[in-house]
Amino acid sequence: MRMMKLTAGALVAYAALGGTAAMAQTELTMWYHGAGNEVELTLINQLIDDFNASQSDWSVSIESFPQESYNDSVVAAALAGNLPDIIDVDGPVMPNWAWSGYMQPLTIDESLIEDFLPGTKGIWDGQLYSIGLWDAAVALVTRQSTLDALGLRTPTLEEPWNLEEFMAALEAAKASGDYEYAFDPGMAWTGEWYPYAFSPFLQSFGGDLVDRSTYQSADGVLNGEAAIAFGEWWQSLFAEGYAPGTSQDPADRDTGLIDGKYAFSWNGNWAALGALAAHEDTLFLPAPDFGNGSVIGAASWQFGISSTSEHPEGAAAFIEFALQDEYLAAFSNGIGLIPATPSAAAMTENYAEGGAMSVFFDLSAEQALVRPVTPGYVVAAKVFEKALADIANGADVIDTLDAAVDEIDADIESNSGYGH
Amino acid sequence: MAAVNPDNQGLRLAVRYAVLILIALIFIGPILFMVMSSFKPDLQLLQDTSSLRAFLPVGDLSLENYREAFQRAPVRLFVINSVIVTGATVVLSLIVCSLAAFSFVYLDWKGRDVILSVILATLIIPFETIAIPLLLLVSKLPWIGLEGFEIGWLNSYRVQIIPWIADGLTIFLFVQYFKSLPGELIEASRVEGATWFQIYMRVVMPLSGPVLATAAILKFLVMYNQYLWPLIVVQQEQYRPVMVGLQYFFQLNTAWGEIMAYLTLITVPVLGFYLVLQRAFIASIASTGVKG
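Sequence lines, in order, name chains A and B.
Under the numbering used here, the first residue of the first sequence carries the number 818, and numbering increases by one thereafter.
Under the numbering used here, the first residue of the second sequence carries the number 29, and numbering increases by one thereafter.
Simulated from the structure, these hints should not be mistaken for lab results.
Small disclaimer: the values here were computed from a predicted structure and weren't measured.
Careful, some of the hints might be misleading.
To be verified - What follows is a list of derived Cβ distance ranges for each label pair:
#: 1; chain 1: A; residue 1: 1166; chain 2: B; residue 2: 50; range: 50 to 58 Å
#: 2; chain 1: A; residue 1: 1097; chain 2: B; residue 2: 156; range: 46 to 54 Å
#: 3; chain 1: A; residue 1: 1230; chain 2: B; residue 2: 151; range: 14 to 22 Å
#: 4; chain 1: B; residue 1: 256; chain 2: A; residue 2: 918; range: 17 to 25 Å
#: 5; chain 1: A; residue 1: 889; chain 2: B; residue 2: 302; range: 54 to 62 Å
#: 6; chain 1: A; residue 1: 1152; chain 2: B; residue 2: 174; range: 48 to 56 Å
#: 7; chain 1: A; residue 1: 1058; chain 2: B; residue 2: 281; range: 24 to 32 Å
#: 8; chain 1: B; residue 1: 149; chain 2: A; residue 2: 1028; range: 42 to 50 Å
#: 9; chain 1: B; residue 1: 266; chain 2: A; residue 2: 1152; range: 23 to 31 Å
#: 10; chain 1: B; residue 1: 56; chain 2: A; residue 2: 1127; range: 33 to 41 Å
Stated by the list, open to error - Reference listing, derived: stretches of chain B covered by chain A, where coverage requires no fewer than 3 residues with Cβ under 8 Å from a Cβ of chain A:
#: 11; region: 140-148
#: 12; region: 153-167
What the hints assert, rightly or not - Residues from chain A that face chain B, not an exhaustive set, calculated with beta carbons under 10 Å:
#: 13; residue: 881
#: 14; residue: 892
#: 15; residue: 894
#: 16; residue: 896
#: 17; residue: 961
Every residue gets a Cβ at the ideal spot worked out from N, C-alpha and C, and that includes glycine.
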């Protein structure tokens, strides 16, 4: 009897204390693209635990997906009416999801994101839809010893190489006979890498994927004089033996620069620590200026709220909580990406002043250009990828770019201008 | 009569064996590469790809990739999920499709030939074309289970099993096989007073070992290799099968050794299933001319 009383007392106490506290929290669901990445999952789980413990209104639970198939899962779930409250979204894809009705505007205290890198802010139709804790950047990776041996000056943010200097550097590397190829653009990495990494070359020549003044056509920007100059230059990289083509071995893409097969490699900050570990004199140089300024891609994964969320205020509270420098720095230290704010960068090992990768923060701040902010980007990106692969394989530059323009324009037309 | 030249005969045999060994190596090569690579660190694995070392257990061998694979993804869970979904679908498919085929071959009912033609016509429809309509359908279907009544089949085993139970190919295999059985057996059973279900259970099915094995293996392979369907209908890790799980290993810096270890692990059930049924499978191919 005494035992029964004790048990009943304990149950009452539980209900009065922990039980009621737990019951009071409304559950929010969140989908994340990091399945299979132990470090990333540890960080996101810590963030969620901290948020859940910090207040009594909301409790976030996470479901992780493999990055490769994440977008397909979200689109399928949207069709089936099964989206969670909080989703993460790749920056350039966000306008498509917003336009398709998968996301709702993100209502947070915008003073919190004043200092955020431009590429981390997902703005569509004049409204904030998503915000990222980090950005990514690419650089021209090489070694100081390579520059010294080839007698090349070190380009800087203020004075990057121009087209002639860049090609002279490739020619010098090729003529040295020390490398299989002078330049590794990363042709083995298909998919989003092509528009992310290579459309900045096009933009530096003066072209673009689509006319950003109207977003209604690619005519004149993807097949104009600047784009044709870009296409011919791009083709010459492969035709003249400066770069490995579309049949590049993925293994060479991963280790070619480290192994000394390539003199220069176009690669992201996520591969920087590996390169530094292999060679202490590794350099991360700014993108060359092909005539219209140096440009690199911007925008990585960001948090947003699904259109079907019944608790957008709770989802926004979680996202605001995640924007603290503490978490920006933790993600940066954990997965090597660029923290979104200067104050968070100062808290990190690699992006603080003088840190091994601090140059990437400057590159992201100075050279980054977001990919075209339009729902049609997802189609334009695939068309661009195919066109660049075809040109690299010897297709006629003008015909290929004209065909790409036709395809992009037809898609825009069939979607009634994508709401622009 | 010309005498057989023993030298020529020996040479012919040697050439024949050489060709057979070459063909065997072409098929075994990728499996050998996968298994050997699963024991090598990434750097060595990539370096070995340019030589025959890729197929040999040489260099720095360890179980590290397996340890890492189990750490990166819930491998056991994925294998168990695939075995549950595949096993249930194979068993139910054999029952349902053989019953349907029995009806098409032995029972005389109106519209039989038309319906069989329609079922066979579904063979030419790629699954990708019906994936989205099917997704919309299953997301609205009702279900009564242990947890009561609910709407929607997403995130469950049933959504991965039920839509795949009946299919045109399996019905076609049974139809073809049942047609090859002696009609006198059925007639004799009818004369003896057996019901149609008794004939199905006691006469036809005991004679259908080869086609059961063939259908089971083909269905097993289809189900075990499922990717698109579970990708769009399952959003919870607890129900994910092995092929969706493979995506866990493709990160920014791909860990090839872990991928090979994972592939080796998930190949084991397939090889085991085939080895158990291979004799009946070969007998079926020999008797029906159906190729898998």
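Hints, one by one, checked against the model:
A hinted range of 50 to 58 Å holds for the C-beta pair residue 1166(A) and residue 50(B), which are about 55 Å apart. Hint check: residue 1097(A) to residue 156(B), Cβ distance near 50 Å, so the stated range 46 to 54 Å holds. With their beta carbons about 37 Å apart, residue 1230(A) and residue 151(B) fall outside the hinted range of 14 to 22 Å. For the pair residue 256(B) and residue 918(A), the supplied restraint of 17 to 25 Å holds, since their beta-carbon distance comes to about 23 Å.
The hint said 54 to 62 Å for the Cβ distance between residue 889(A) and residue 302(B), and at roughly 30 Å that hint is violated. Taken as a hint, the range 48 to 56 Å is violated for the pair residue 1152(A) and residue 174(B), whose Cβ atoms sit roughly 41 Å apart. Between residue 1058(A) and residue 281(B), the C-beta spacing of about 28 Å keeps the proposed range 24 to 32 Å intact. Under the hint 42 to 50 Å, the C-beta atoms of residue 149(B) and residue 1028(A), about 47 Å apart, fit the expected range.
At roughly 26 Å, the beta-carbon separation of residue 266(B) and residue 1152(A) lies within the given 23 to 31 Å, and the hint holds. Taking 33 to 41 Å as the suggested C-beta distance range, the pair residue 56(B) and residue 1127(A) does not conform, at roughly 56 Å. Coverage of the region 140-148 of chain B by chain A is violated in this model, with 0 residues showing a Cβ closer than 8 Å to a Cβ of that chain against a need of three. Three residues within the 8 Å Cβ limit are the bar, and the region 153-167 of chain B against chain A gives 4, so the coverage statement holds.
Residue-level restraint check for residue 881(A) holds (minimum Cβ-Cβ distance to chain B is 7 Å; threshold 10 Å). This hint holds: residue 892(A) has a C-beta 8 Å from the nearest C-beta of chain B, less than the 10 Å allowed. For residue 894(A), the interface hint holds, since its Cβ comes within 10 Å of a Cβ in chain B; the closest pair sits about 6 Å apart. With its C-beta approaching chain B no nearer than about 6 Å, residue 896(A) sits inside the 10 Å limit, and its interface hint holds.
Taken as an interface hint, residue 961(A) does not check out: its beta carbon lies about 24 Å from the nearest beta carbon of chain B, beyond 10 Å.
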